[in-house]
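Student: This is what each chain is made of:
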Amino acid sequence: VNNVVKKLVASSTLKRAGIVAVGCVAVSLLGGTSAKGQLGIDDAAIMTFLGTLNSTMQSAMAIPLQTMQQINSDMASFTQTAIYPLQQIQAAQNLASQNLSRALNMQGMINASTANATLPTPQALEATMLSKDPNQTANVPSLYQQTYGTLPASQAAPSSVTAAVDMGDATAMESIKKAIALDALADSEMQVSQQMMNQLQTAAPGNVPIISAQAQAWILQAHAYTQSGTAQLLRAQSAELAYTGAALKLHSTVTGNAGAGLFALPVGH
Amino acid sequence: MGSSISQFNSDISAIRNLQKEVVYPEQDLDNIRSNGLGVVSSYRNFTNSVFGLNVSSAQLPTGQALERQLLSGYANTNPTAQFNTLFKGAFGGLPSTKQTTPVVMQAIDAGDASAQSAMQMSVMADSAAASSVQTANNIETQALNTSPGSGPQMGAQALVIELSSMAVEHKLLATQLRAEAAKLAYNGVGVKQGATATTNAIQGVFGGAK
Chain P
1 VNNVVKKLVA SSTLKRAGIV AVGCVAVSLL GGTSAKGQLG IDDAAIMTFL GTLNSTMQSA
61 MAIPLQTMQQ INSDMASFTQ TAIYPLQQIQ AAQNLASQNL SRALNMQGMI NASTANATLP
121 TPQALEATML SKDPNQTANV PSLYQQTYGT LPASQAAPSS VTAAVDMGDA TAMESIKKAI
181 ALDALADSEM QVSQQMMNQL QTAAPGNVPI ISAQAQAWIL QAHAYTQSGT AQLLRAQSAE
241 LAYTGAALKL HSTVTGNAGA GLFALPVGH
Chain F
1 MGSSISQFNS DISAIRNLQK EVVYPEQDLD NIRSNGLGVV SSYRNFTNSV FGLNVSSAQL
61 PTGQALERQL LSGYANTNPT AQFNTLFKGA FGGLPSTKQT TPVVMQAIDA GDASAQSAMQ
121 MSVMADSAAA SSVQTANNIE TQALNTSPGS GPQMGAQALV IELSSMAVEH KLLATQLRAE
181 AAKLAYNGVG VKQGATATTN AIQGVFGGAK
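Chains P and F, in that order, give the protein sequences. Under my numbering, the first residue of the first sequence is numbered 1, with each subsequent residue one higher. Under my numbering, the first residue of the second sequence is numbered 1, with each subsequent residue one higher.
Simulated from the structure, these hints should not be mistaken for lab results. What you are looking at is a predicted structure, and each value in this text was computed from that prediction instead of being measured. Built from N, CA and C at the ideal position, the CB exists for glycine as well. Take the hints with a grain of salt, since some may be wrong.
Unchecked claim - In silico EDC-like pairs for lysine to aspartate or glutamate, Cα to Cα no more than 16 Å straight-line:
| # | chain 1 | residue 1 | chain 2 | residue 2 |
| --- | --- | --- | --- | --- |
| 1 | P | K132 | P | E174 |
| 2 | P | K132 | F | E169 |
| 3 | F | K88 | F | E67 |
| 4 | F | K20 | P | D74 |
| 5 | F | K20 | F | D30 |
| 6 | P | K132 | P | D187 |
Stated by the list, open to error - Label pairs and their computed distance ranges (CB to CB):
| # | chain 1 | residue 1 | chain 2 | residue 2 | range |
| --- | --- | --- | --- | --- | --- |
| 7 | F | T100 | P | M167 | 23 to 33 Å |
| 8 | P | A204 | F | E140 | 15 to 25 Å |
| 9 | F | E140 | P | F78 | 37 to 47 Å |
| 10 | F | T100 | P | S113 | 24 to 34 Å |
| 11 | F | R33 | P | N72 | 22 to 32 Å |
Could you put the whole structure together from the sequences, leaning on the hints where they help?
Tutor: In structure tokens:
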């Protein structure tokens with residue numbers, strides 16, 4: 001309504017009407033000769049003019065303004081009762097409170113300890129693996145070697161075997177480090193999701209799309225982390241496959257050498 | 001002036017009609033709600049029953065006991081209290097120091113720990129999944145009863161829950177990676193032990209011949 005009033009004030013038509021009204025009053029004051037009052041003003045002319053002005057205002061402004069008020073009232077009612085009823089806004093905010101509570105329970109559950117190692121060295125490795133602390137990835141190689149042993153010496157195994165073990169162990173350690181990183185990222189995602197749900201408990205409907213946009217951006221990031229983790233999983237699975245191949249190759253070499261050795265023996269002497 | 005106000009009224013009236021008849025037509029809203037409720041009544045019971053399908057398959061008592069724990073959900077399963085005993089019942093305990101070398105014992109301990117951790121995480125993942133399904137059902141129900149202006153609230157909540165759900169997936173992926181690492185490490189230990197045994201044997205043979 002304020003805007004409407006501002007528009008009317010700014011309207012050139014209204015300004016012209018004002019000028020005409022002031023002009024009429026001035027003419028009647030200066031030009032009139034009959035029935036002058038104490039101040040020399042023609043009262044009858046003024047009264048006639050005011051009557052005409054009032055009638056014009058009634059027909060030209062009051063009725064359209066009344067229509068305007070009805071339309072505005074209708075729009076306000078539609079917006080308040082059909083599009084944004086307060087009860088529905090509050091119901092949506094209450095659901096956010098329930099969802100936040102559920103999310104907190106889920107976080108508590110998913111972060112329950114799953115440590116199971118019983119010997120000291122595997123326990124140390126397991127504690128690092130489950131630490132969710134990216135700073136601890138530096139400890140993985142030493143703890144891994146203490147648990148699973150170091151590479152065989154060059155005289156203890158063929159170089160192809162040593163190379164396969166090195167690659168297999170490296171992929172295993174990469175996987176452990178990536179697991180620590182993913183755990184840390186997952187914690188961040190849970191915290192951010194709870195912050196957003198917390199905001200949704202009180203957010204105004206008009207501002208909700210901003211939270212949606214932020215959530216979508218985080219989901220996009222989360223997809224990237226999934227792809228990165230899946231890439232590491234592929235490397236681990238391919239290394240396992242390669243181990244099987246390496247074992248078959250070694251077996252073939254040993255069998256071939258043994259066969260060659262047997263047939264090279266001086267038979268029949 | 002009168003014509004200006006009439007024009008203004010005409011414009012406002014057009015906006016009102018646009019809102020009521022084009023952007024938020026009541027009939028369309030009713031149709032959407034009706035279709036949504038149709039989807040709920042057609043699929044919700046079916047998907048919930050498929051989701052809750054019993055997949056237990058073990059035949060022997062020890063396997064059945066562990067399987068029961070694995071498939072019982074977090075509410076009925078403390079991840080650490082009984083699990084170790086049930087796991088040993090199904091897969092055996094650690095060999096003694098007389099039976100194997102320290103490195104093999106450590107590898108088995110780490111491998112078993114990783115396997116148990118993955119099993120426990122699977123129990124928690126089942127519960128997280130059940131919780132997500134329940135939340136999704138609640139949001140869907142509320143979305144079909146809310147006003148168009150509050151619809152985006154439901155959408156935002158679904159997105160936020162999706163982020164939380166992806167966090168659980170990352171935890172599972174991390175567990176999967178640890179299990180794969182343990183498998184690779186097992187392979188490595190096998191080869192290292194083979195190499196050590198071979199070296200010892202060779203040393204034994206040639207050492208004995210000296």
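Student: So, against the hints stated earlier in the document, which numbers end up violated here?
Tutor: 9
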